[in-house]
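Chemist: Based on the provided sequences and hints, a complete structural model is requested.
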Amino acid sequence: MPSPALLVAVPLIVAALLGALRRLIPRWTADLLSILTAAGNLTMACWWTAHALHRTQVYWFGGWFPRGRMVLGIGFTMDGYGCALAALAALLTTLALIYSWKHFESGGGHFHPLMLVFLAAMSGFAVSGDLFNLFVFFELMSTAAFALCGLKTHEPAPLAGAFNFAVTNSVAAFLMLTGIAFLYSATGALNLAQLGQALAGRHDRLVLAAFVFLTTGFLVKAAEFPFHFWLPDAHAVSPTPVCVLFSGIMVQLGLFGAMRLYATVFQGCFAGTRIPWIFVVIGAATALWGAMMCFAEHHLKRLLAFSTISHTGLMTLAFGLWSKAALAGLFIYLVGHGLVKAGLFFCAGILLHRFETMSEPALFRRGRALHWTAPLWFLGGLGLAGAPGFALAIAEAHVTPVAPWTEAIFFIAGTLTGAAVLRVGLRVFIGLGDAGPVDRSATVDEKPETNDPGRLVNTVLYFPALACIGGCMVLGFWNGIAGIARASAASFVNFSGYVHMVYAGATVVAQPAPVQSALLKGVLWAGLRGVAAAAVALWAVLHLRIPRPLRWPSHLEGSMRPVRELQSGHPGDYVAWLTLGCALLGAAVFWLAL
Amino acid sequence: MTAIPGVGLLALIAVSALALVRTDDVTCQTIALSYYGLLLALMFFLFRAPDVALAQITVGAIALPLMVMLAITRMKHREATRRKEKEGK
Amino acid sequence: MSFPADYPYFVAAWILLCGLYGIVRSRHLVHMVISLTVVQSSTYVLLLAIGFRRAAYAPVFAGLPVGARVVDPIVQALMLTDVVVETTVVALLLAMVVKAHEKGGTTSPDDLRFLRG
Amino acid sequence: MKAGHRLVLFAASALGIAWVYCAGALNMPAWGQYRGPYGDAIAHLAVYQRHATDTVNAVTYDYRGFDTLGEEFILFSAVTGVMLLLRPEPGRPEAKKGKSSGNPASFRDRATLSETVQVFTTAIFGFSVIFGIYMATHGQLTPGGGFQGGVILAAAPMLLYIAENTDAFRRIVSHPLVEFLEGTGAAGYALIGVAGLAMGTAFLTNVIPLGTTGDVFSSGTIAAISACVGVEVAAGFTLVIFEYLREILSREKNEEP
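Chains as they are written, first to last, in this note's numbering: chain X, 11 to 604; chain F, 311 to 399; chain E, 11 to 127; chain U, 88 to 344.
These are computed hints drawn from the structure, not numbers from a lab.
Accuracy of the hints is not assured; some may be wrong.
Not everything, but these chain F residues come out facing chain U in the computed CB check (under 7 Å) [as the list claims (entries may be wrong)]:
{"id": "1", "residue": "364"}
{"id": "2", "residue": "369"}
{"id": "3", "residue": "387"}
Straight line, CA to CA, 27 Å or less: simulated DSSO-like cross-link-like pairs of lysine-lysine [as the list claims (entries may be wrong)]:
{"id": "4", "chain 1": "U", "residue 1": "89", "chain 2": "E", "residue 2": "113"}
{"id": "5", "chain 1": "X", "residue 1": "334", "chain 2": "X", "residue 2": "531"}
{"id": "6", "chain 1": "F", "residue 1": "386", "chain 2": "E", "residue 2": "113"}
Glycine included, each C-beta is placed from N, C-alpha and C at the ideal position.
Modeler: Written out as structure tokens, the structure is:
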């Protein structure tokens with residue numbers, strides 16, 4: 011049995027040594043060592059996920075076992091949900107490092123240590139069972155992410171993006187710390203299980219205020235409306251492998267933090283109140299907002315960034331429904347979305363590598379020579395829409411039966427984001443219609459992030475994209491994923507099982523009975539989404555051949571223009587929006603709970 | 311025993327915080343930051359947190375203002391060089 | 011001696027809002043970074059106030075009998091972490107400011123808007 | 088958004104935040120009435136279990152030592168980030184630029200320092216090195232510890248800079264060993280944790296004899312970790328200072344001949 015501590019310790023040690031010996035070791039050694047480390051993490055995390063399907067286990071650092079009901083040290087709680095996310099983080103990091111093999115700019119050898127620290131932070135965050143430890147990993151993740159975001163220092167835009175990212179996320183972290191202090195003063199504990207037990211049934215103003223600040227902190231990371239402004243800026247400027255990690259797992263880990271906290275600390279406080287509906291409302295608003303912004307966007311990385319906002323909104327909605335079926339669907343959604351989004355970013359990275367631009371009009375018709383990237387991009391677009399055969403379709407078939415009206419949100423968000431990606435594909439890889447409008451965000455000039463003078467596209471660049479999109483399709487056809495998701499969701503919501511694990515060392519997971527999900531209905535809806543996405547994409551591309559009043563996709567793009575001004579690129583604006591969101595969240599929580 | 315100086319010090323910190331963010335000149339602000347860090351360290355000593363007070367003195371009153379100062383210096387230096395280059399041309 | 015029992019918590023809230031106000035009104039990136047440290051310092055005051063106990067010693071048992079009444083050592087450990095986090099975030103942000111000034115030629119957040127729309 | 092609109096938006100939401108914050112704070116235990124069980128339990132256990140008299144450091148480096156591991160790597164990644172962001176760009180050597188720009192003014196006033204100041208600062212340099220090392224090695228006994236000691240050590244070379252001993256300063260801060268020490272200090276902390284695993288116990292479990300309470304070599308891993316942290320912090324801060332000063336230093340070097 012590998013020690014859970016190795017999930018964090020091994021990447022950290024390798025990162026520190028790579029940093030210490032930066033001047034001495036050649037590039038290929040750094041590449042190879044970090045790929046092997048990430049792959050090792052992937053193996054361990056997969057092992058723990060498989061283990062957690064039957065038995066969830068706690069691990070005490072320093073051997074500080076609880077004395078009676080008093081937790082002395084810090085514990086890792088190895089449950090299915092957390093371990094699976096750690097595995098996803100390791101998988102995406104491995105692929106991102108493979109993608110960066112040899113030709114990716116390494117920033118003087120600092121890229122690899124930072125990637126490994128980032129991986130360690132994500133793994134620790136996913137399985138930590140201590141409130142303050144969550145904060146530490148949140149900060150560790152942020153620090154590595156800020157630095158990686160500003161990797162391309164030859165232009166001012168990446169630095170502006172990294173600065174906005176760092177300021178908003180730091181404010182979020184301090185709000186989170188305020189929430190932690192509130193909870194500590196209420197209970198004198200930091201362990202999640204102990205906190206949950208101490209607070210059970212209590213929802214006075216102190217607990218509510220702590221909930222507001224903690225949730226704000228996590229929702230900023232999860233880029234929920236109106237905390238999302240930093241995300242497109244950070245994504246537009248980050249190097250491709252970093253974008254993959256941001257969009258594929260880091261943002262979702264923010265949401266996961268809020269989920270973990272709700273499942274352990276606040277579940278007992280808010281049982282019977284309508285507080286989870288706040289997440290449904292926030293999620294739905296974010297999903298629709300992100301989808302519309304995504305469709306109106308013409309800078310490829312920003313477009314994908316807005317689709318991440320939209321889909322994380324859908325995940326938040328599924329979380330707010332707070333039922334085992336919805337959480338099982340969310341589990342599949344997390345994995346499937348992570349893979350498909352990573353695949354799309356890898357494809358965008360290939361385009362950037364080959365053509366040195368991310369602007370849709372500038373890329374018009376230029377991708378026709380890329381015979382391998384084109385199918386991957388189109389499959390990615392369909393996967394994002396949740397067409398049948400992809401993991402997202404199964405995920406939605408689990409979530410929507412819980413509340414049938416959510417089908418509408420899933421339909422709109424999936425169709426619009428999928429259509430945006432397919433529209434880009436039709437223009438870039440096939441060359442249909444016209445080049446599309448040139449807007450300001452599409453004209454951010456890009457310097458190449460790779461130092462391969464030939465700008466050739468080789469297998470190393472294709473492989474990660476192929477693995478991601480292919481993986482998402484495999485999950486879409488593999489029956490086992492639903493079983494894993496149901497077992498993980500069942501142990502995730504089971505707070506008494508969690509407490510038992512923390513105090514007794516381990517809990518046996520009761521195998522949930524297979525639920526009859528409305529699969530046929532789900533496949534029908536999925537097919538409908540795929541067809542709708544393709545139709546909207548064609549409609550948008552061929553708009554010049556359509557009578558003016560019927561050019562609805564173009565009208566949508568045009569009508570979003572004033573709204574896009576809100577995305578002002580000014581950190582002061584973003585913090586003002588952040589405070590507004592925090593205040594609104596506070597108002598909603600106090601109104602619903604008191 | 312600590313009550314009266316403690317309350318006074320907290321009031322001073324509250325006022326300084328506002329003064330610090332209202333100071334627009336960055337060089338003045340750096341000095342103010344050092345002073346603010348020192349006040350915080352004093353508060354930590356007064357409220358029985360000597361470890362944190364030491365960390366705060368070394369970081370808040372020395373390292374942090376030093377880094378800000380170095381950053382400002384480097385930017386000024388850049389501007390001077392840029393101006394020189396322009397004049398040279 | 012009686013005074014409002016929640017006084018330090020209100021001071022912490024005040025400092026938090028001061029810091030946020032500083033960030034929002036900031037015209038200089040360095041000013042913004044310093045305002046961020048003010049936001050951070052509100053968490054110091056809050057944590058310290060929570061762990062404080064009247065008529066108690068510092069939690070250092072050099073020359074103090076074990077079992078003496080001491081203030082909470084946990085919040086102090088948390089604050090130590092907090093201090094380190096503050097420094098590192100500031101160092102990183104200042105590096106970004108310096109570099110942005112180098113490349114963009116400006117230190118004002120109003121002129122650093124390369125990412126609009 | 089215009090600055091005025093931004094402030095109005097902020098003012099409205101600040102009222103909301105203030106209300107939430109104060110509503111919560113009013114429900115806290117009154118100031119000075121700390122009741123929580125966690126801190127008291129640790130304060131009473133640490134001296135017996137860990138032979139450390141400074142319980143804050145016992146918490147920092149042992150009970151919650153895993154947090155501190157994360158914290159040290161926050162420092163590590165921030166230092167790496169600063170080096171990444173401020174790295175000299177290929178094709179634009181700063182030394183060359185210095186020459187081409189004619190005779191630039193130094194950023195520092197060229198008024199000479201009095202000898203008293205020079206001698207005095209050099210003396211303090213020695214003192215602060217010793218004090219930094221003392222603090223980093225006595226964390227388990229008295230207030231202080233690796234972090235505080237490390238910062239003092241890193242500040243020491245700055246005194247040389249003040250004393251205009253720029254050459255010695257440059258030799259210290261630009262030495263390749265600094266970077267090596269920073270990484271190994273951070274790795275050392277994690278490796279002490281792994282030593283626990285190798286002995287068949289949990290990560291970061293104490294593996295060194297505890298010694299007598301009050302002794303410099305007491306409290307086992309706490310002292311060892313504190314030393315590692317001291318090395319990492321000292322080297323890390325030195326690297327950050329060097330990165331900020333790099334450009335200015337290369338300029339002064341060009342001026343000297």
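Chemist: Please go over all the hints and tell whether each is borne out by the structure.
Modeler: Status of the hints after comparison with the structure:
1. Hint status for residue 364 of chain F: holds, given a least beta-carbon distance of 5 Å to chain U, under 7 Å.
2. Interface restraint check for residue 369 of chain F: the shortest CB-CB distance to chain U comes to about 6 Å, inside 7 Å, so the restraint holds.
3. Checking residue 387 of chain F against chain U: minimum C-beta separation of about 5 Å stays under 7 Å; hint holds.
4. Our distance criterion of 27 Å between C-alpha atoms is met by residue 89 of chain U and residue 113 of chain E, whose separation comes to about 25 Å.
5. Distance restraint check for residue 334 of chain X and residue 531 of chain X: the Cα-Cα separation of roughly 20 Å lies within the 27 Å cut-off, and the hinted pair is therefore satisfied.
6. Restraint check for residue 386 of chain F and residue 113 of chain E: the C-alpha separation of about 14 Å stays at or below 27 Å, so the hint holds.
Hint check: no violations occur; every hint is consistent with the structure.
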